[in-house]
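S.K.: Single-letter residue listing:
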Amino acid sequence: MSSHREAPEVSKDPVADSTDLYAFVTPDRPDTVTIIANYVPLQDPAGGPNFFEFGDEVRYDIHISNRGEAEADITYSFTFTTEVPNPDSFLYITGPVTSLDSPSYNRPQRYSVSRTARRRRRVLAEGLRVPPCNVGPRSTPDYADLAASAAYDLPGGGRVFAGQRADAFWVDLGSVFDLGTLRPFQNLHLIPSAAMAGINTLSKVNVHSIVLQVPIADLTADGRVPTDVMDLDSTIGIWTAANRPRVRLWDSRRERLVFSGPQQQASRLGNPLFNEVLVPMSRKDAWNASQPNGDSAYAAGVLRPELAGLLPALYPGVFPNLAAYTKDRADLAAILLTGIPEGVVPGFQNYTGPVQADMLRLNVAVPPATDPQPLGLVGGDPAGFPTGRRVGDDVVTVELRAIAGATLPLVDPTFTPDGAASLVTDGSSPTATPDEFPYLATPYSGYDVPSA
Amino acid sequence: MSMPSSQERTTTDLPSADADRPPAPPGASRRVFLAGTGAIALGATAAATTIDGLTAHVARTAASGGTEGVAVTQLEAGTLVAYIRPGESEITIMTGDREVVIDDPALARAIARAGTRQAGTR
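Residue numbers (the working numbering), protein chains in the order written: chain X, 1 to 452; chain B, 1 to 122.
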């Protein structure tokens, strides 16, 4: 998936699992950028009695690079604190919760937001409340309004929300991890079966989201709002991370966990599917602990992606041109590691310089699209992925087709993509999302979506 | 106690979510660290130990040659963890949001010896 359970260690540590990252110039507030960082993946809505929450020991970061060095020039950090008003009850919710300060909410979380720039940290807000999970109509009646009350204004024109939402990412997990099966084309698979429509495995699962909306001028290097798409200062790099104290230990005398040491990055995420698909199993945990400006060490997985070799093997005869291509994949390197420089796509660039780094690259001078295309740039819509990533961008299809060779002619005109390269898809479809803050739908309730 | 030469290396991460925390009190010594580690069980070669009540900056004092004693019980509540990799003399000490690395073969051996004792407090 985008980055759900993408590495062995973080798959055992969901609260520190950076799951999806979205960043886009806000359509309904085009002087701002909205950044959505998701964590705690694959939540079964009925997963009580201890429902899902952010980690108190985890520091959640959204990093911005605006000087072309793939270093965090600006960091927004979020830290959470959980209370237990009624420690004698086993219940997560002890009565209908109709307000965020309801005493019936027995695991209330509050959080602080800080902004660090040039090594100076400023607390933007403290004591903000996280709504409870959507348990059901008796525990959390009128959940939409309850969650809406947890959207807060930040000083300087920003907004923030943190809490459970419906996961907007979509992919056919059950098929793609079954030897690369794409249901619409599985009749062509090495182990064939009748073609069928794809299934969105995430259509009924929740996630925990941090939604941050900030003025564009707060993110650029010089505090301007660029209007020239070709201005190199108009592109910022974004990645998210989750960090834990380096030591976690059960204190048997005090009968509780204790934590020591500085924060250690447990996961990070820039482009969707980077660690998941392009980093080999043995290095995924190390990649999660590393910084983007060291990603040249992982460039081989981009230049010669394993999946590009698997597609011709799994779908015999379907990708002959891809199979015959032996040069490094400069197209993927441009899309994922440096941004697309001027001269590749007419009138467009999202280049951040020669430093190879997995960052989501958002050209803030590209205005929001009036008719967004899910395939983003390759669908003729420069406001979509890989110009940042909107909630509705079909990144699975875009990256699948790119790896299949559809984007190679951008940098190597001698290559002719296979016919299938512009057709492959897992066939799954998205769920509906709102077009207003926080841009992710109300989470599924445990009562309405019980475990199978 | 004579102080063997120690090399100190500290790491901090920016941004620190704990930047608002009060600084840990100065004045703890390597002797305090030794006294504390004697009270806990350790692994044979790779040791992770906790000591309640110690949040002081051990290595800062060690590097400066300080020998003043501060009883563990007089220090602020907290946890200290020491980690020694198999076959190495470096000791990584984590306390509060700090990490300090000292290279002290004698201390590493002492901790390793303590770690090979039978489990239990003595």
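Mixed in with the good hints there might be a few duds.
[As the list claims (entries may be wrong)] Reference excerpt, derived from the structure (chain B facing chain X, CB under 8 Å, subset only):
#, residue
1, V81
2, M94
3, V101
4, D103
5, R113
6, T116
[What the hints assert, rightly or not] Among chain B residues calculated to face chain X with C-beta under 8 Å, some are:
#, residue
7, L80
8, R85
9, S89
10, T95
11, D97
12, E99
The set of hints was computed from the structure by calculation and includes no laboratory data. All residues carry an ideal CB built from backbone N, CA and C; glycine is no exception.
S.K.: Work down the list of hints and note, for each, if the structure agrees.
M.R.: Results for each hint:
At about 4 Å, the closest approach between the beta carbon of B:V81 and any beta carbon in chain X falls short of 8 Å, and the interface hint on this residue holds. Checking B:M94 against chain X by beta carbon gives a least distance of about 3 Å; that is within 8 Å, so the hint holds. Violation of the interface hint for B:V101 is found here, the shortest Cβ-Cβ separation to chain X being roughly 11 Å, above the 8 Å cut-off. Using the Cβ-Cβ criterion of 8 Å, the hint placing B:D103 at the interface with chain X is not satisfied: the shortest such distance is roughly 18 Å.
The closest approach between the C-beta of B:R113 and any C-beta of chain X is roughly 21 Å, which is over the 8 Å cut-off, so the hint fails. The interface hint given for B:T116 is broken, as the beta carbon of that residue sits about 20 Å from the closest beta carbon of chain X, more than 8 Å. Interface restraint check for B:L80: the shortest CB-CB distance to chain X comes to about 7 Å, inside 8 Å, so the restraint holds. Contact between B:R85 and chain X, as hinted, is not supported at the beta carbon level, the nearest pair being about 14 Å apart and thus beyond 8 Å.
Taken as an interface hint, B:S89 does not check out: its beta carbon lies about 20 Å from the nearest beta carbon of chain X, beyond 8 Å. Satisfaction of the interface hint for B:T95 is found here, the shortest Cβ-Cβ separation to chain X being roughly 6 Å, below the 8 Å cut-off. Of the supplied interface hints, the one on B:D97 holds, with its beta-carbon coming within about 5 Å of a beta-carbon of chain X, less than 8 Å. Taken as an interface hint, B:E99 checks out: its beta carbon lies about 5 Å from the nearest beta carbon of chain X, inside 8 Å.
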